[in-house]
Amino acid sequence: MGFDWREIFTASMVLFAVIDIVGSIPIIVDLRSKVGHIQSEKASIVACVIMIAFLFVGEEILKLIGINASSFAVAGSFVLFFLALEMILGIRLYKEDNPSTASIVPIAFPLIAGAGTMTTILSLRAEYEKINIIFAIIINIIVVFAVLKSSSKIEKLLGDNGLSVIRKIFGVILLAIAVKLFGANVKGLFI
11 MGFDWREIFT ASMVLFAVID IVGSIPIIVD LRSKVGHIQS EKASIVACVI MIAFLFVGEE
71 ILKLIGINAS SFAVAGSFVL FFLALEMILG IRLYKEDNPS TASIVPIAFP LIAGAGTMTT
131 ILSLRAEYEK INIIFAIIIN IIVVFAVLKS SSKIEKLLGD NGLSVIRKIF GVILLAIAVK
191 LFGANVKGLF I
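The numbering used here applies: residue 11 is where the sequence shown begins, and numbers increase by one.
Treat each hint with caution, since some may be false.
Here are the simulated DSBU-like cross-link-like pairs (lysine-lysine), alpha carbons at most 30 Å apart as the crow flies [stated by the list, open to error]: (1) K178 / K166; (2) K52 / K190; (3) K159 / K44; (4) K52 / K197.
Per label pair, the in silico range of CB-to-CB distance [what the hints assert, rightly or not]: (5) K73 / I179: 31 to 41 Å; (6) K73 / S43: 41 to 51 Å; (7) G169 / I101: 16 to 26 Å; (8) G172 / L99: 11 to 21 Å; (9) I141 / V189: 23 to 33 Å; (10) I176 / I152: 17 to 27 Å; (11) K197 / G169: 19 to 29 Å; (12) F88 / V45: 31 to 41 Å; (13) F19 / I55: 16 to 26 Å.
Hints listed in this document are in silico derivations from the structure and should not be mistaken for laboratory results. Only a predicted model underlies this, so the values are computations on that prediction, with no experimental measurement involved. For every residue, glycine included, the Cβ atom is placed at its ideal position computed from N, Cα and C.
When you get a sec, could you build the whole thing from the sequences and use the hints?
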């Protein structure tokens with residue numbers, strides 16, 4: 011197929027919901043207050059490289075351990091389902107260590123390119139062309155960079171209630187995507 015705007019848009023929205031950079035603003039602001047400056051450019055570039063590399067190498071890793079794309083997509087749908095529940099219900103199912111420095115490690119990985127993002131990339135790979143996923147990753151990295159650069163302004167503009175509403179809206183979208191991903195790939199488990 012190749013280049014497709016609809017696929018790029020859909021994959022971008024899925025990644026945007028999973029990365030949840032807007033919902034991560036409180037974490038980013040907290041990190042900035044603890045350690046001072048956050049290297050937005052470095053974190054964005056490293057996260058982009060990690061995600062694109064995983065798009066290509068992730069499938070090979072699956073083949074190496076004997077898992078097909080449908081199995082991984084179904085597993086990914088469960089991860090997305092629980093991430094969506096976190097966003098909608100405001101609970102924490104996945105516990106993360108508290109980072110001590112705001113370098114590449116806490117921002118680029120796992121905040122931006124974490125387990126949910128990696129699972130999503132491989133799940134998207136089962137449905138979309140690689141070129142469209144790459145464009146979706148780049149679009150999201152541009153948004154991530156902009157949010158990292160202006161996180162304090164965005165926090166003041168939206169306030170706690172605004173951030174909560176956005177998080178819940180993207181949670182519902184992510185939940186619907188998880189159900190669709192499960193439905194599209196569950197048949198492949200039994201073939």
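Quick rundown of the hints versus the structure:
Simply put, K178 and K166 have alpha-carbon atoms about 19 Å apart, close enough for the 30 Å limit, and the pair holds. Distance restraint check for K52 and K190: the Cα-Cα separation of roughly 34 Å exceeds the 30 Å cut-off, and the hinted pair is therefore not satisfied. Under the criterion of a C-alpha separation no larger than 30 Å, the hint pairing K159 with K44 is consistent with the structure, at around 17 Å. A distance of roughly 41 Å separates the Cα atoms of K52 and K197; the hinted pair therefore is violated under the 30 Å criterion.
Between K73 and I179 the Cβ separation comes to about 37 Å, which falls inside the hinted range of 31 to 41 Å. As the Cβ distance of K73 to S43 is approximately 44 Å, the hint placing it in 41 to 51 Å holds. Checked against the given bound of 16 to 26 Å, the beta carbons of G169 and I101, roughly 21 Å apart, stay inside it. In this structure, G172 and L99 meet the distance hint of 11 to 21 Å, their C-beta atoms being roughly 18 Å apart.
Against the hinted window of 23 to 33 Å, the Cβ-Cβ separation of I141 and V189 comes to about 26 Å, which satisfies the hint. A C-beta distance of roughly 18 Å is found between I176 and I152, which places it inside the suggested range of 17 to 27 Å. In this structure the hint that K197 and G169 lie 19 to 29 Å apart at CB is violated, the actual value being about 45 Å. Take F88 and V45: their Cβ atoms lie about 34 Å apart, and the range 31 to 41 Å holds.
Between F19 and I55 the CB atoms are about 24 Å apart, so this pair conforms to the stated range of 16 to 26 Å.
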